[in-house]
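There are 2 protein chains.
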Amino acid sequence: METRMERIEKDIEAIALFTATPGSGITRVTFSEKYIRARSYIIEELNSLGARISATLGGNLRGRLEGTEKGTACVMMGSHLDSVLHGGKYDGVAGVVSALEAARVIVEEEIPHRHPIDVIVFAEEEGSRFGSGLIGSRAWTGHLSLDDLPHLRDNEGMTYLEAMERSGVLTDDPSVLEAKDVKAMIELHIEQGIVLEKRGLQIGLVERIAGIRQFLVTIHGVSNHAGGTPMGLRNDALQGAVRIIAETEEIAAHTVGDPTVATVGFVICEPGQFNIIPGKVQFPVDIRDPDSRRLDETAKRILAAVERICLHRGLTFEVTPKSDIAPVALSQEVSSLIDKVARRKGIEPLRMTSGALHDSSIMAAITNVGMIFVPSKDGRSHCPEEFTEIKDIKLGADIFLDAMVQLSS
Amino acid sequence: METRMERIEKDIEAIALFTATPGSGITRVTFSEKYIRARSYIIEELNSLGARISATLGGNLRGRLEGTEKGTACVMMGSHLDSVLHGGKYDGVAGVVSALEAARVIVEEEIPHRHPIDVIVFAEEEGSRFGSGLIGSRAWTGHLSLDDLPHLRDNEGMTYLEAMERSGVLTDDPSVLEAKDVKAMIELHIEQGIVLEKRGLQIGLVERIAGIRQFLVTIHGVSNHAGGTPMGLRNDALQGAVRIIAETEEIAAHTVGDPTVATVGFVICEPGQFNIIPGKVQFPVDIRDPDSRRLDETAKRILAAVERICLHRGLTFEVTPKSDIAPVALSQEVSSLIDKVARRKGIEPLRMTSGALHDSSIMAAITNVGMIFVPSKDGRSHCPEEFTEIKDIKLGADIFLDAMVQLSS
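Going line by line, the protein sequences match chains V and E.
So the first sequence is residues 3 to 411, counted in the working numbering.
So the second sequence is residues 3 to 411, counted in the working numbering.
For the record, the hints were derived by calculation from the structure and aren't laboratory data.
Heads up, the beta-carbon is just placed ideally off N, CA and C, and yes, glycines get one too.
Accuracy of the hints is not assured; some may be wrong.
Unchecked claim - Ranges between beta-carbon positions, derived for each pair:
id : chain 1 : residue 1 : chain 2 : residue 2 : range
1  : V       : Lys324    : E       : Gly25     : 31 to 37 Å
2  : V       : Asp260    : E       : Leu218    : 45 to 51 Å
3  : V       : Leu172    : E       : Glu164    : 57 to 63 Å
4  : V       : Glu350    : E       : Ser325    : 54 to 60 Å
5  : E       : Glu167    : V       : Ser26     : 42 to 48 Å
6  : V       : Arg155    : E       : Leu218    : 46 to 52 Å
7  : V       : Gly234    : E       : Ser325    : 46 to 52 Å
8  : E       : Leu51     : V       : Gly234    : 55 to 61 Å
9  : V       : Gly234    : E       : Glu164    : 20 to 26 Å
10 : V       : Thr257    : E       : Leu19     : 23 to 29 Å
11 : V       : Ser325    : E       : Asp150    : 35 to 41 Å
12 : V       : Arg155    : E       : Leu19     : 29 to 35 Å
13 : E       : Ala367    : V       : His256    : 53 to 59 Å
14 : V       : Met160    : E       : Arg39     : 43 to 49 Å
Claimed, not checked - Computed list of lysine-lysine pairs in DSSO-like fashion (alpha-carbon distance at most 30 Å, straight line):
id : chain 1 : residue 1 : chain 2 : residue 2
15 : E       : Lys379    : V       : Lys200
16 : E       : Lys302    : V       : Lys302
17 : V       : Lys282    : E       : Lys200
18 : E       : Lys72     : E       : Lys200
19 : E       : Lys347    : V       : Lys282
What the hints assert, rightly or not - Footprint (simulated), chain E over chain V, 3 or more residues, beta carbon under 8 Å:
id : region
20 : 18-32
21 : 57-65
22 : 147-155
23 : 170-176
24 : 184-197
25 : 205-218
26 : 233-244
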């Protein structure tokens, strides 16, 4: 029982053609024409396996291989097909294709399974179109209500539900997914980080998904002419900000330490001219950690640095919270199963924390979730350079297949 | 012999009405409709004094009060009427109005003068429309040739000469201004800095105009997902940049020290998202000092910091030079005269360096230039909040008047 590398490769290349930005990466936003074509590709493949296709609440695609025992909870496998703007061809797709290939092997080899096996394509994972991610999984599991969806609009003002309907995705089953409906789920995903590659490993086993704390820091100083203001008479907002940003790294890397990460992704200076001292500076802080207490501690230390540095430099500040997402523990049972299956193939998976969110973060609230990571070259993701070797995806898919067969039997 | 405060105030308020952005500061770019109306206001006032009006090479306005001896070099006084976008009502205008008021007093009180006295409105001092400043003075003195002017275009592609012609400013005298034509010049200007106010002084005497060294630093790191990349595996371009920016301040403020100033006005991060480690960061460095060697030393130390910090962090960099303008020494003779005149009025002027460039920087290459600074509230300039007390401008104008009378006698 083995997946076939050439089919995985063919699927990935076929789906990669569905991009709005050929030649500069994958742009396939949820419910766009290219998205619907990629989704149709998966539907056709699932149809040829005899799967029962439906669209769930929130616009997720579900292809079911019925089990031998009616009415039992299903086991799920899948990921997403939507992309960031100018992203890569593996993010999400690697997981969808692995699930499709696993389904093919199960059907072809007539592997018996008591539980229904569902291949899932979650909708709007990235948040590239409607400003907020994980919409499909959040809507399906009741984390987002139908009352919330009309408020999610794309850049042109179209709501999530309008966009879904116009693209021809019509909900077949409006029910909220509940714990009783699902026995377990496995998602395979590219790591989007550099850890597996640096260690020369092929398989990661995600035990936790890090919590995220994001806030925006605004520093107010006094904007003045760069030539007319001696150094000692300045209240330069940027000079305060750079010391805070440097300390953010120190706190995450040394004071709190691994696995905490803290990132400042941009700095906006006003008025933002060559010859004017910045009077106002804004920058975001993104903190991730699998442990809530460490998230709290890191945030607290960074906020203390903001306060201390601003006070010392005659600056004022505001902090605007942006996100506060709790860490998620994935299923120990499913993880042990994946670990055992991998070891039987001679692979020792690296137990990891995912720093990025996935639909698995949401699904873990209602079912037993396991996640398999495969390496990302140079850790690059969300860019056209994103790359994962097909042989690594195949290895992940084989482990995935074995685990699914056991879970569904 | 004294200037009249109410006339100075009336002139400033009248000119302040000529703005393209009423309610949000002064926007009066060179050769725009509002600019031409402000210029016409000055022409009318000069006409009523019997001055001979002409437009010089480069579109500067010259209003001449003939002297008693034909053919002698003139003495000049003036500044500019063009503004930055959303600037204040004193920058440039304070100097033009002081010159106009001095001319009024000289005419009304029939003060004899051997040399012609020229009131000058220099064109395009700020560089707000054609991307480069001091155009009027540079063209007039031959620092910019007629071959250069067609290459200066505004945002809509109109050249400097086209814009000048369309606005009705037609050069009467196409000759390049030479040293033999001008005996001396004085410019009054708002300080645009905080030094006079902090010391509670009313008058600054500018001895030097600082040189400027500007360059753009580009740091290249590796852009990665903020969640998937441990702190120890990052090549975060922003974390390198913030340490360089912090050190820029240290070098200017402490290692080299006063009067050196160094400013970073903005930071651009790519890709510039909350959850992505910046892979590329650009920021400008603006260094000013009245002494060339100190400019060199400051630049050298900052560049050494760029190299050291990048090397240490696995980052690469490029440095693109942007400006290199030598310091200018103003006339010791004219400065002594201004100083003597001020002391006779019981004022001890503060000897200062101007960190900002002025038309005086250009004029100093061909004649003896003196500059008088009056205080700027909170050091604010190039913004709607720019403010100078009329009594301070009047005091400056009185000193200015006395000095002009002596220079022209």
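Verification of the hints:
1. In this structure the supplied range 31 to 37 Å holds for V:Lys324 paired with E:Gly25, their Cβ-Cβ distance being about 33 Å.
2. For the hinted restraint 45 to 51 Å between V:Asp260 and E:Leu218, the CB-CB distance of approximately 35 Å leaves it violated.
3. About 60 Å separates the C-beta atoms of V:Leu172 and E:Glu164, a value consistent with the hinted range of 57 to 63 Å.
4. About 59 Å separates the C-beta atoms of V:Glu350 and E:Ser325, a value consistent with the hinted range of 54 to 60 Å.
5. About 44 Å separates the C-beta atoms of E:Glu167 and V:Ser26, a value consistent with the hinted range of 42 to 48 Å.
6. Distance hint check: the CB atoms of V:Arg155 and E:Leu218 are about 38 Å apart, inconsistent with the given range 46 to 52 Å.
7. The hinted range of 46 to 52 Å is not satisfied by V:Gly234 and E:Ser325, whose Cβ atoms lie roughly 25 Å apart.
8. E:Leu51 and V:Gly234 have their C-beta atoms about 45 Å apart, which leaves the hinted 55 to 61 Å range violated.
9. For the pair V:Gly234 and E:Glu164, the supplied restraint of 20 to 26 Å is violated, since their beta-carbon distance comes to about 46 Å.
10. Checked against the hint of 23 to 29 Å, the pair V:Thr257 and E:Leu19 fails, with Cβ atoms roughly 58 Å apart.
11. Hint check: V:Ser325 to E:Asp150, Cβ distance near 53 Å, so the stated range 35 to 41 Å is violated.
12. Against the hinted window of 29 to 35 Å, the Cβ-Cβ separation of V:Arg155 and E:Leu19 comes to about 43 Å, which falls outside the hint.
13. Here the CB-CB span from E:Ala367 to V:His256 is close to 54 Å, well matched to the stated 53 to 59 Å.
14. A C-beta distance of roughly 47 Å is found between V:Met160 and E:Arg39, which places it inside the suggested range of 43 to 49 Å.
15. Taking the CA atoms of E:Lys379 and V:Lys200, the gap is near 57 Å; set against the 30 Å cutoff, the hint is violated.
16. This hinted pair does not check out: E:Lys302 and V:Lys302 have alpha carbons roughly 38 Å apart, beyond 30 Å.
17. For the hint linking V:Lys282 to E:Lys200, the alpha-carbon distance of about 22 Å falls within 30 Å, and the restraint holds.
18. Taken as a hint, the E:Lys72 and E:Lys200 pair is broken in the structure, with Cα atoms around 46 Å apart against an allowance of 30 Å.
19. At most 30 Å may separate the alpha-carbon atoms for a hinted pair to count; E:Lys347 and V:Lys282 exceed this at roughly 41 Å.
20. Check result for the region 18-32 of chain V against chain E: violated, 0 residues qualifying (beta carbon to beta carbon below 8 Å, three or more required).
21. Check on the region 57-65 of chain V: 0 of its residues sit with their Cβ under 8 Å from a Cβ of chain E, so the three-residue criterion for coverage is violated.
22. A stretch counts as covered by a chain when three or more of its residues have a beta carbon under 8 Å from one of that chain; for the region 147-155 of chain V and chain E the count is 0, and the coverage is violated.
23. A count of 0 residues in the region 170-176 of chain V with a Cβ less than 8 Å from any Cβ of chain E is obtained; the coverage claim is therefore unmet, three being the minimum.
24. Look at the region 184-197 of chain V against chain E: 5 of its residues bring a Cβ nearer than 8 Å to a Cβ of that chain, three or more, so the hint holds.
25. Proximity of the region 205-218 of chain V to chain E, defined as three or more residues with a beta carbon under 8 Å from a beta carbon of that chain, is established by the 3 residues found.
26. With a threshold of 8 Å between beta carbons, the proposed coverage of the region 233-244 of chain V by chain E holds, since 8 of its residues qualify and at least three are required.
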